[in-house]
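Peer 1: Sequences listed follow chains D and X, in order. Counting in the working numbering, the first sequence runs from 126 upward without gaps. Counting in the working numbering, the second sequence runs from 33 upward without gaps.
Capping the alpha-carbon separation at 30 Å, the derived lysine-lysine pairs in DSBU-like fashion look like this:
no., chain 1, residue 1, chain 2, residue 2
1, X, Lys302, D, Lys170
2, X, Lys302, D, Lys484
3, X, Lys104, D, Lys183
4, X, Lys170, D, Lys388
5, X, Lys104, D, Lys178
6, D, Lys183, X, Lys57
7, D, Lys183, X, Lys120
8, D, Lys183, X, Lys169
9, D, Lys178, X, Lys57
10, D, Lys183, X, Lys170
11, D, Lys192, X, Lys104
12, D, Lys178, X, Lys120
13, X, Lys104, X, Lys133
Please keep in mind that the hints were generated in silico from the structure rather than gathered at the bench.
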Amino acid sequence: MHAIQQQYWAVRDYLSPVLKESKFKEHGRITPEEFVAAGDFLAYKFPVWTWEKGDASKGRDYLPADKQYLVTRGVPCLRRATSLAYTDADEDAERLLSFGESSATGNEADEWVETHAGRKPTLDSAANPGVIDDIPDLDGEADGGLSDAMGNVSIASTAGATVGETPDLDDIPDMEEEDLEEGDDEATAAPKGGVSSSGGVLDATQVEVAKGNLLQVRTYDVMITYDKYYQTPRIWLIGYDENRTPLTPSQIFQDVSADHALKTVTIEAFPHSASLQAASVHPCKHASVMKKVIERMNAGVVEEQLAQRKAFGPGTPKENKKKWGFGRKGSGKDDKGAAGEDEEVEGMRVDFYLVVFLKFIASIVPTIEVDSTTAF
Amino acid sequence: MPVVQFAPFSSPVQPNFWHELTRMKIDVFRLSDEALTVNGSYSVGRSIRDRETGQDIALGCNLSIGGDAYEKTVQLSPMSVSASGTFKNFNTIEDFKGADKAALFNEVTSKMWDSIVNHKDTSVLSQFLLITFADLKKYQYYYWFAFPAFVSKPAWEISENGWKAADEELNSAQLASIHQSLHANTVPFFLVKVVGNTSEMGSVEKLDEFFANVPPESRIVGFLDPSALAENPGWPLRNLLAYLRLHFPAQTSSVRILCWRDSEVPSPGKSWKSRFGVVSSAEGDSATKPAAVGWERHPTTNKLSARVADLAPMMDPTRLADQAV
Chain D
126 MHAIQQQYWA VRDYLSPVLK ESKFKEHGRI TPEEFVAAGD FLAYKFPVWT
176 WEKGDASKGR DYLPADKQYL VTRGVPCLRR ATSLAYTDAD EDAERLLSFG
226 ESSATGNEAD EWVETHAGRK PTLDSAANPG VIDDIPDLDG EADGGLSDAM
276 GNVSIASTAG ATVGETPDLD DIPDMEEEDL EEGDDEATAA PKGGVSSSGG
326 VLDATQVEVA KGNLLQVRTY DVMITYDKYY QTPRIWLIGY DENRTPLTPS
376 QIFQDVSADH ALKTVTIEAF PHSASLQAAS VHPCKHASVM KKVIERMNAG
426 VVEEQLAQRK AFGPGTPKEN KKKWGFGRKG SGKDDKGAAG EDEEVEGMRV
476 DFYLVVFLKF IASIVPTIEV DSTTAF
Chain X
33 MPVVQFAPFS SPVQPNFWHE LTRMKIDVFR LSDEALTVNG SYSVGRSIRD
83 RETGQDIALG CNLSIGGDAY EKTVQLSPMS VSASGTFKNF NTIEDFKGAD
133 KAALFNEVTS KMWDSIVNHK DTSVLSQFLL ITFADLKKYQ YYYWFAFPAF
183 VSKPAWEISE NGWKAADEEL NSAQLASIHQ SLHANTVPFF LVKVVGNTSE
233 MGSVEKLDEF FANVPPESRI VGFLDPSALA ENPGWPLRNL LAYLRLHFPA
283 QTSSVRILCW RDSEVPSPGK SWKSRFGVVS SAEGDSATKP AAVGWERHPT
333 TNKLSARVAD LAPMMDPTRL ADQAV
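Isolated chain X, as found in the complex (with noise of 0.2 Å):
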């Protein structure tokens, strides 16, 4: 059976972002670079019909980070949720360059890991990491976004059947159903529960409760999926299938993966976007921290390396009146 392969977040970031950077950096931190707590957002992954030729276009996994993410709380558009990182701005561009990110990596995981195993926190799955150099003078920012995720051993494969399509394993009704709970209360992570055309939904924490007396073929955990590729589920669910395991691991043998993907019903004619698929694993070490990944690759290299975002076109006062004829 094919090894589960999850699409990775990538990272956009907003202008404003960096406009508020900029402030917090001369106002806020000055010469401090403690490491602070931001938020991003992601949202059910999109994909586009491309008009010339048909084709359905994914639109990458994204976790952008906007200018609010220093506050406490992001504002989300619908179908999306928020998810919390640690975030650390270097003075220098050595610093930077010669900063322990493995250890600031270790740090990061080892919290979340501790976290999962003594509050049962499902929170903190989607958290990423952030270091930053800001180049204020040229209008330049340094970034390095990891999402961390731990690896599975042995990994989780996917049965004979695949991924497919949400509505060939569950009726329209009790998607929509879903789709309403959702929308009234978005949340990272789901238990659903079928019970005839409707579906209930349950929070994972209680998973034992939530599928006692439930038949195994009427219990779905279902994530908020960032990805639109058909046979890659997105990010989250490592995390999720990782806390499963430690926690219910009498449960985890075999799950039923629900990848919610909708943001509105689909019109009549439409198919639901959503995915399903059956995971399974052999049993394995789970009170250990297993190894993490997760550093963000550079898009055209395709290497683990820092970014830069060149903002001196849209901020350079010099390069601003150039442009205005």
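Only chain D is shown next, with the shape it has when bound in the complex (with noise of 0.2 Å):
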């Protein structure tokens, strides 16, 4: 079934027109030009993300043969993302507040219903600034410890069948060869422990377990695509754990928010790529998001753009029309396309959308640092 409807998607996406015109004001998609000039300027300003050419027989003619798709490798992943999330499994843990005397004349409007009362605050304080998660949908509430119970059943599962189907060769003895080397090497770094605490540097493999919040090290390889049929970027990611050894697709899911995992993230083929899957999140509501995003960006982007007009005065070099909302600190400036900005305000350019774009996934998938554009 699912074979099917992937080749139904291919068909779709071969017959689909490439865009022409841009739109992504209009409906948060961009042309495959606009693409190339975001990613352009994405590796530019980033330079962790760079261009592929992915598999010739894969390529894209309407993208250049050498810029088919953007890649970020090992890009870390500290926590599970359903560690921060509110999860079905603390939904139960409700107690009753009440407030003073009015419960004392029985009043039960004035008792409020603290919810996940069992669960510890997390470490946020103005010395210790924390992640600040996206607040649940609440229309999402019977899915919400979806890919907690998915993740366990496939885990249980998947063990099953490996044990009894094929032993793993970590565990047979007889592939260990320790007279390969003689005695341990004294200028070798042990793995565990030769770590020194001066450089406040810790090694991933050492980190320490917080209780109920794990901190595993895994990696991931970031990909961004075009996607021709919904016009608009389409994320991939390939994980691997703390021992880099690749992760399953339920452990992948653990890195999703629960509002996301196995609803817009599913496991696909990877368009360039002959055979390898990858996790990749749905495209079809990244238009709408973007657009909304780009709206609400746009509108403080023209309103700067207009107070410095003001200051400047008309005709005046704009240095830093580029500086935008997210606080950049622009370093090393984009000089391309300044001529005739005089005569309108431009407001946001295309350039910024996949720089936008990682922002949007980060909310889909929280514990990836994938949005690297923070820490300017």
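Using the hints, build the complex out of the two chains.
Peer 2: Take a look at the structure:
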């Protein structure tokens, strides 16, 4: 069934026309040219992103041959999204709170229900600002713990299957060949314990497992492709655990916020490779979400540009016009297309599309640090 | 003085590599188990600040290998360099288990030593060895990496000052000029000559000419450091030091080392990540080929053993069908 579906998508993708005119402010959709422009900007500004050409036979002719998709490798993911989110597991932990005398009178209307009573507060404080999570969407309450449940189910079943059929090689003692190297080499840093505290840098394998909030450093390879049918970028994830073993789909879903796992994030064939499968955020809602975000940001950018124009007077070259809502300290300005900007207020440029897109993706996969742009 | 401890390479293998191996095994290698050359890459060491605890967490000293490994050149991300390796795929699990791994390893290290001695070649210094067995029906890939490193006797020692931040030794203008030349042309090993507020770069092969008439306190040997641990320089430095001791024994009783770890110039208020230290070693016998170590240890057991990548969950069509609801 899934295979048929994928075939159908492939055909639909093939048949749909390439978007020609820019619609990014009206619909949140972009043309391939704009995708390349935005990708160039992203790769220039944040060099962790690079263009890849992918499998030549899978190349898309509406994109330059050497700029088929964007990739960044080894994106760290310190915690599981499930440890951040409010899940159904503690939904029942409710208790009635009553305030003052009103409850003594038996007035039940003044009693409050505190949900998630058993949950420990996160360590947010002024000194230690933590991650501010998206407030979980109440519409999705039935699916809140789905990724949890799903994760447990498939882990159990795979364990059962693999133990029976294929013994894990790691457990076979005769694969160990300790005599291959004589003794311990004194100049090799031990993977554990050989870390000094003076530099304040911890080894990833040595990170303590905090109670109830597992700190296992996974890494992800993140790809951004252009989806011709939805005319938006599309994001793909390949994960590795702390021992650099590839993650299974259910493990990947642990890093996806509960609202999106198995609904918008699924395992699909990666379009620029013959056989690779990767987790992907389905792009059907990208355009409308991007439109909303862009509208909001555009208003801010236009306002700022107008304010600057007033401050400098007409005809003054505006060096700082790229400063925008996220407190980005521009180091090295983009110097393209400065002509004619005095005539009308330009608003947000399409170059920023992917930067904004990453911020939106960061809400779907909150613990994967895809949004390196916040470092600026 | 404490012995310098190097952070060993670890091996993230991208699933693409296994996909490509599956294709090559069926279409190209067939029953051949000839050794091939493959290419991987490593980049500067990275660390990430944990937003909840505020600690910096180092992200492993990685030499990664991807789907383009069988091609002549690999696509490199900024501030990374390629490393070539010998790759041998066995046809059966018995062959894989029974292979004379010590002999394979010796073959690779002999070749490395040979080109170091005879060709003064620095490009072989980060060579690796990879042996695999691909169980194509079960989508399981058994593999074992070795990153050969020559053991120095007597061992290199770090001076009392230890490893310190590079900006305590060099000013940020000098570091920025190193960054600029590395950004334009990323090389695994380089020499630095400090002249006023800039620094000139040279290649390690021409150490004698480059450092002629340069006072010792202005000479620096640098390398692209894949480690992010404060006290442990990365694995490539080991072979670089062996190389320096062999070819330039007069200059290497004490070496000023720059471990380059910055992929970009830090924004104002942040410090450089690169490290600096002075290592020294007593005279040793440099003529004979030193012993070598470097088989990768299993990350969970920390024993010398092969590993398996089980890609069935991501490749097996029946398993994928279960996943797709």
